[in-house]
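Visitor: Generate coordinates for the entire structure from the input sequences, incorporating the hints supplied.
Here is how the chains run, residue by residue.
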Amino acid sequence: MISFGLTEEQELIRDTLKEFASEAMRPIARDCDENGEIPQDFLDTIWELGLTSTQIPSEYGGGGEERSTVTNAIVLEELGYGDVALALAATAPNAFVNAILDHGTEDQKKALLPLFTTDEFHTASLAVLEHGPLADPAQPSTKAEPKGDDFVLSGRKSWVVLGDRASHFLVVARNNGGIDAFIVPADADGLTVGEPEKNVGLRGLTTVTLDLERVEVGPEARLGGSDGCDVRAILDNARGANSAILVGACRGILEFCVPYTKERIAFDEPISKKQSIAFRMAEMHMETEAMRWMTWKTASHAGQGHPQTTRQAHLTKQYVAEKSVWIADNGIQIFGGHGFIREYPVEMWFRNVRTLSVLEAMAGL
Amino acid sequence: MIDFTLTENDEARLAHLYAQGEYIRQFVRDADENEAELPPEVLPGAEDFLKTLERPPAPGPEDTQGPAMMTLSAIAQYWGDYSLRLHREGGGGLGNAALSAAGTDEQKAKWGGLLLSMAITEPGCGSDPSRVETTAVLDEDTDEWVINGEKIFVTTGIRAEGVVLWATIDKSAGRAGIKSFLVEKGTPGFEVPGKEKKLGIRCDDTAAYVFRDCRIPRENLLGLDESIPKQSSGGFRGVMKTFNMTRPMTAAMGLGPAKAALDFTREQLEEAGVDLAYGGGTAQQSAAAQAFMRLEAIYEASELATLRATWLAGTGQPNNMESSVCKAHAGSAVRAITQGCVDILGPMGISREHLLEKWMRDCRITDIYEGTGEIQRLIMARGLLDYTRQDLK
Ligand SMILES: Cc1cc2nc3c(=O)[nH]c(=O)nc-3n(C[C@H](O)[C@H](O)[C@H](O)COP(=O)(O)OP(=O)(O)OC[C@H]3O[C@@H](n4cnc5c(N)ncnc54)[C@H](O)[C@@H]3O)c2cc1C
Numbered sequence: 001m002i003s004f005g006l007t008e009e010q011e012l013i014r015d016t017l018k019e020f021a022s023e024a025m026r027p028i029a030r031d032c033d034e035n036g037e038i039p040q041d042f043l044d045t046i047w048e049l050g051l052t053s054t055q056i057p058s059e060y061g062g063g064g065e066e067r068s069t070v071t072n073a074i075v076l077e078e079l080g081y082g083d084v085a086l087a088l089a090a091t092a093p094n095a096f097v098n099a100i101l102d103h104g105t106e107d108q109k110k111a112l113l114p115l116f117t118t119d120e121f122h123t124a125s126l127a128v129l130e131h132g133p134l135a136d137p138a139q140p141s142t143k144a145e146p147k148g149d150d151f152v153l154s155g156r157k158s159w160v161v162l163g164d165r166a167s168h169f170l171v172v173a174r175n176n177g178g179i180d181a182f183i184v185p186a187d188a189d190g191l192t193v194g195e196p197e198k199n200v201g202l203r204g205l206t207t208v209t210l211d212l213e214r215v216e217v218g219p220e221a222r223l224g225g226s227d228g229c230d231v232r233a234i235l236d237n238a239r240g241a242n243s244a245i246l247v248g249a250c251r252g253i254l255e256f257c258v259p260y261t262k263e264r265i266a267f268d269e270p271i272s273k274k275q276s277i278a279f280r281m282a283e284m285h286m287e288t289e290a291m292r293w294m295t296w297k298t299a300s301h302a303g304q305g306h307p308q309t310t311r312q313a314h315l316t317k318q319y320v321a322e323k324s325v326w327i328a329d330n331g332i333q334i335f336g337g338h339g340f341i342r343e344y345p346v347e348m349w350f351r352n353v354r355t356l357s358v359l360e361a362m363a364g365l
Numbered sequence: 001m002i003d004f005t006l007t008e009n010d011e012a013r014l015a016h017l018y019a020q021g022e023y024i025r026q027f028v029r030d031a032d033e034n035e036a037e038l039p040p041e042v043l044p045g046a047e048d049f050l051k052t053l054e055r056p057p058a059p060g061p062e063d064t065q066g067p068a069m070m071t072l073s074a075i076a077q078y079w080g081d082y083s084l085r086l087h088r089e090g091g092g093g094l095g096n097a098a099l100s101a102a103g104t105d106e107q108k109a110k111w112g113g114l115l116l117s118m119a120i121t122e123p124g125c126g127s128d129p130s131r132v133e134t135t136a137v138l139d140e141d142t143d144e145w146v147i148n149g150e151k152i153f154v155t156t157g158i159r160a161e162g163v164v165l166w167a168t169i170d171k172s173a174g175r176a177g178i179k180s181f182l183v184e185k186g187t188p189g190f191e192v193p194g195k196e197k198k199l200g201i202r203c204d205d206t207a208a209y210v211f212r213d214c215r216i217p218r219e220n221l222l223g224l225d226e227s228i229p230k231q232s233s234g235g236f237r238g239v240m241k242t243f244n245m246t247r248p249m250t251a252a253m254g255l256g257p258a259k260a261a262l263d264f265t266r267e268q269l270e271e272a273g274v275d276l277a278y279g280g281g282t283a284q285q286s287a288a289a290q291a292f293m294r295l296e297a298i299y300e301a302s303e304l305a306t307l308r309a310t311w312l313a314g315t316g317q318p319n320n321m322e323s324s325v326c327k328a329h330a331g332s333a334v335r336a337i338t339q340g341c342v343d344i345l346g347p348m349g350i351s352r353e354h355l356l357e358k359w360m361r362d363c364r365i366t367d368i369y370e371g372t373g374e375i376q377r378l379i380m381a382r383g384l385l386d387y388t389r390q391d392l393k
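Here the protein sequences come in this chain order: Z and R. Read in order, the letters of the first sequence correspond to residues 1 to 365 in the working numbering. Read in order, the letters of the second sequence correspond to residues 1 to 393 in the working numbering.
This list has only true hints and no planted wrong ones.
Each pair of labels, with its calculated beta carbon distance range:
1. R:D343 x Z:N35: 45 to 53 angstroms
2. Z:K18 x R:K197: 50 to 58 angstroms
3. R:D225 x Z:E11: 37 to 45 angstroms
4. Z:N199 x R:T315: 38 to 46 angstroms
5. Z:F256 x R:E271: 44 to 52 angstroms
6. Z:R342 x R:T315: 42 to 50 angstroms
Straight-line Cα separation of at most 27 angstroms, DSSO-like style, residue types lysine-lysine; simulated pairs:
7. R:K185 x R:K108
8. Z:K273 x R:K393
9. R:K185 x R:K197
10. Z:K273 x Z:K262
11. R:K393 x Z:K262
12. R:K185 x R:K195
13. Z:K110 x Z:K147
14. Z:K274 x R:K393
15. Z:K274 x Z:K262
Derived list of chain R stretches under chain Z, where covered just means 3 residues or more per stretch with a C-beta under 8 angstroms from a C-beta of chain Z:
16. 52-64
17. 286-300
Hints were generated in silico from the structure; no laboratory data involved. Computed from a predicted model, the values in this text were never measured in an experiment. Using N, Cα and C, we set each Cβ at its ideal position, and we do this for glycine too.
Guide: See the structure below:
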């Protein structure tokens with residue numbers, strides 16, 4: 001049944017996170033960007049909120065709360081409203097944990113999930129994207145060659161979130177024509193974690209390149225065991241999560257523009273009274289709304305294992321990527337020259353949105 | 001709880017409408033090319049065809065209901081054709097919506113059964129209805145209103161049995177002086193010169209109305225409130241309220257042909273061997289696949305924005321902003337989608353051997369009536385900026 005109704009619990013979570021975003025994220029976002037790092041304090045605070053551990057079932061030491069992909073989309077929108085780089089850092093562990101929860105064997109869950117239920121921030125990362133002009137997350141060039149029961153992984157992965165502090169990587173690789181995901185510990189032989197990458201946006205968020213030179217892993221490393229798993233579902237889920245963060249960012253951008261335009265005077269009146277400005281903001285609002293409903297639908301479908309999930313996630317990703325960049329770009333335009341100066345956050349928001357909109361598999365629902 | 005899954009019964013009810021749409025398609029081209037004729041009230045073979053369809057079960061508490069279902073049903077119905085129907089239903093004109101929003105109980109009882117059109121637009125004003133020049137003057141002696149003026153572009157104007165029209169009772173009072181009146185067809189002084197010739201939705205009878213000393217009873221003033229409120233939009237706002245369902249429904253109606261265009265284009269692409277590989281990146285898709293998926297995404301966004309506006313209405317929540325969001329979105333979306341499909345299919349898209357060119361013409365109206373796209377942007381911007389209509393116009 002079609003419904004857009006939030007539960008009381010979802011409303012409460014949204015309100016709490018919104019406050020968190022304003023108080024704990026906004027004030028530090030610029031410094032993170034300028035310094036190129038995210039303070040440990042922030043990660044500790046996020047960890048205390050329990051975004052990751054509470055949704056891990058109690059038999060693996062977690063909080064055992066029901067995981068709702070839709071609620072998670074609502075949470076990510078608020079975090080994205082706070083700051084995109086910080087939001088991604090906060091949710092990076094979830095992307096990995098969710099993949100294990102959704103597709104892991106019992107042994108894989110037992111081995112990995114408890115790592116995320118202790119008092120200290122712990123992360124592991126998806127390693128999906130690769131360098132190159134025709135990069136396609138669903139067609140990796142990294143490959144897994146069977147060797148007896150084992151696999152030998154070779155290739156190079158890029159934009160691995162918080163790869164410098166991850167205990168494990170979930171490496172997506174071509175395996176006999178299909179694609180599979182392999183759990184690779186950070187200290188595996190043949191695996192090199194590169195220096196932090198230099199990106200136009202999300203500068204606070206460390207992403208790294210992974211070099212896999214004939215990394216041998218056992219059969220237990222293959223996510224889902226001998227049957228493998230539907231890697232596409234992991235990508236779908238991540239596309240929903242990325243989109244949710246972008247929706248929050250765009251909402252923040254518009255919210256920042258509105259009061260400025262009412263105060264900024266040009267040609268004897270506030271620029272907000274010029275239709276070209278006012279209509280553009282109307283469209284920014286309209287698109288943010290549309291993006292949100294697409295994201296919710298993707299999250300809802302992903303949570304239910306709906307047969308249309310992949311298509312929905314694809315269309316959502318495509319739409320949100322295009323519109324969020326358009327919104328962020330107009331955020332700068334509305335501020336004129338001031339939008340170009342780093343004193344205001346709009347240029348940073350543009351860089352962040354621009355960056356996330358081309359990336360995949362950065363977050364999880 | 002947030003949910004986007006249709007129940008089996010939802011699907012069955014929609015499938016029933018899509019099946020009718022398929023049947024209607026065979027009559028669509030002729031009707032479009034013979035614009036001067038009104039399409040028949042019942043299409044040939046409709047009765048027999050309907051008997052071949054399984055009647056979908058009535059909706060239960062788990063099913064999608066109310067305005068949200070109306071949205072999906074309108075999309076399905078307009079997917080078949082924008083203006084042809086198996087059966088022309090009575091009632092349900094734009095004027096009927098205005099009557100239920102602004103009429104007294106007695107008025108609703110008296111005229112609710114008639115098909116009512118709505119006449120606001122005049123040769124001199126459309127987007128800005130405060131400039132309405134049609135006048136209603138009270139003749140105290142006979143207790144009658146005397147109407148004089150000209151209305152244009154009246155939807156269902158020929159078939160309607162009556163009209164809700166906007167006229168001013170005091171020009172100097174501006175918007176506050178504008179009231180809505182009900183005039184039945186056949187009232188002396190009320191003439192219908194004929195049907196407009198249009199780019200699309202040609203089966204729709206869009207008409208002009210002329211009122212020359214047309215006398216109607218005093219109690220034909222909707223809501224019966226003759227006062228002119230100071231500094232407020234008074235009766236005006238009462239009528240504007242009706243737009244909170246009509247704007248989303250206009251969006252849904254336009255999405256019907258847009259969906260038809262996408263379905264047709266998808267079929268053609270698949271036949272031509274174009275792979276629509278959802279789930280991957282865009283870099284390795286063909287240009288046609290990329291362009292098509294982009295249009296699909298726009299459609300999805302629009303449909304959801306429309307569902308959201310109607311879902312709000314169905315749960316009794318204010319939806320003024322959201323109605324404009326979906327109307328503005330759909331207005332742009334259906335233009336981009338149908339014109340984009342024509343681009344993808346090339347010469348096939350412009351051939352009158354196929355219906356795509358017609359869908360493109362038909363849904364062009366979406367961004368024009370019930371408030372143009374620009375007017376929806378005005379409404380949204382005022383909402384965002386907390387501005388009155390004086391602040392931003
Ligand atoms: C097929 C059809 C059916 C219709 N059915 C009905 C009906 O049943 N009843 C009825 O009353 N009317 C009906 N209309 C009329 C319709 O609602 C109007 O045409 C529409 O509101 C636009 O008014 P207009 O044509 O006078 O254009 P105008 O108001 O002259 O607008 C011209 C252009 O200026 C723009 N514009 C106007 N004001 C502003 C502003 N403030 N800021 C920025 N841009 C602005 C408009 O968006 C448009 O692009 C129908 C029209 C058609 C074509």
